[in-house]
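Novice: Single-letter residue listing:
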Amino acid sequence: MLFDFEPEMIQTLLFWLFALLGIAGALGLIFNRNPIYAALSLILNFFSIAGLYLSLGAEFLAAIQILVYAGAIMVLFLFVIMLLNLQDEKGVLNFDARRGLAFLLGLAFVAEMIFVFQDFSTQVYALPSNCTEYIALDNHQYQCVDTDEIYTLLPEDFAFGKVEPIGNALMTEYLFPFEMISVILLVALVGAIVVARKHTYN
Amino acid sequence: MEQVLTPNIFSYLAVSAILFALGTIGVMTRRNGIVVFMCIELMLNSVNLALVAFSRMQGDSAGSMLVFFVMCVAAAEAVVGLAVIIALFRNKLDIDINNVNIFKW
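Chains as they are written, first to last, in our numbering: chain A, 1 to 202; chain B, 1 to 105.
Rather than coming from a laboratory, the hints here were simulated on the basis of the structure. It should be emphasised that the depicted structure is a prediction, and the values quoted were computed from it without experimental measurement. Here a beta-carbon is modelled for each residue, glycine too, at the ideal position from N, C-alpha and C. Accuracy of the hints is not assured; some may be wrong.
As the list claims (entries may be wrong) - Listed next, with one range per pair, are the computed distances between beta-carbon atoms:
1) A:F95 <-> B:I102: 42 to 48 Å
2) A:G71 <-> B:F69: 16 to 22 Å
3) A:F109 <-> B:I102: 56 to 62 Å
As the list claims (entries may be wrong) - Computed list of lysine to aspartate or glutamate pairs in EDC-like fashion (alpha-carbon distance at most 16 Å, straight line):
4) A:K90 <-> B:D60
5) A:K162 <-> B:D94
6) A:K162 <-> B:D60
7) A:K162 <-> A:E59
Here chain A stands alone, though its shape is the one from the complex:
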């Protein structure tokens, strides 16, 4: 094998890659004077969030993230930016009292959230990727045949993020919200056409 890394290490490396790329994309969004560059930074951020979804096992959402967000919504944004032919925004990197206050509040928010979330750090979440087969034990415990290690996996963990359980849930448990979403999209479509139409008064 050419790259003989531990799977955990690859997972950690990928997490840091996507996390740092995502944060870099967000910084590029709020610090770029040119709206087109800001939109491209946001696309970078969307792709890295899709990578984080993949590393969490949510494959369907990662695909939807790339198709809908990076594909459709950001193309719409770029289209409107190019249609309007905007000037560069001045004073993005200036540091005044308003901007300082915004950064202070943002920092306070991050500190609060990290304080709240720190208890979650011991939770098990990941399916080990170095196993080809499991032997089922009692109490939702599974032994990996390759490494003889024992993992605690809930039954839902095996189906998490796959297309089939999501499609089943959409058509049974979440049928009403699903239909409502189609109405919302239709209303948004009609509303957008009415609002953006050229009004002629006569």
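We have chain A already, so just place chain B on it with the hints.
Specialist: Structure of chain B alone, referenced to chain A:
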């Protein structure tokens, strides 16, 4: 023996909080209407990331379903918002949100 793998759920939640804070800072400091909209999209995405992480932690796909619906609503919001921006640009030839104060009296 229970295996705790790194990176744990806290890392994802921290990234989500940082992205949300950056989106908020963008909304508060930028004046270009389209960039403000993109910052709102960033905030929606960071919340989606937190939802997927919690959903993974609980082993329950209800959070993932919520993410799906949030994405649909975000798409609708983006379409209507961009239509408003186009209508605005048509009337004032400017989308600097400091200059848009027609509801102010």
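Novice: Hints first: check each against the structure and report whether it holds.
Specialist: Quick rundown of the hints versus the structure:
1. A:F95 <-> B:I102: 42 to 48 Å: violated (30 Å)
2. A:G71 <-> B:F69: 16 to 22 Å: The hint (16 to 22 Å, Cβ to Cβ) holds, given that G71 (chain A) and F69 (chain B) are roughly 19 Å apart.
3. A:F109 <-> B:I102: 56 to 62 Å: At 31 Å between Cβs, range violated.
4. A:K90 <-> B:D60: Violated. K90 (chain A) to D60 (chain B) sits at ~46 Å, over the 16 Å cutoff.
5. A:K162 <-> B:D94: violated (45 Å)
6. A:K162 <-> B:D60: Status holds; Cα separation ~12 Å.
7. A:K162 <-> A:E59: The given pair, whose Cα atoms are some 6 Å apart, holds under the 16 Å limit.
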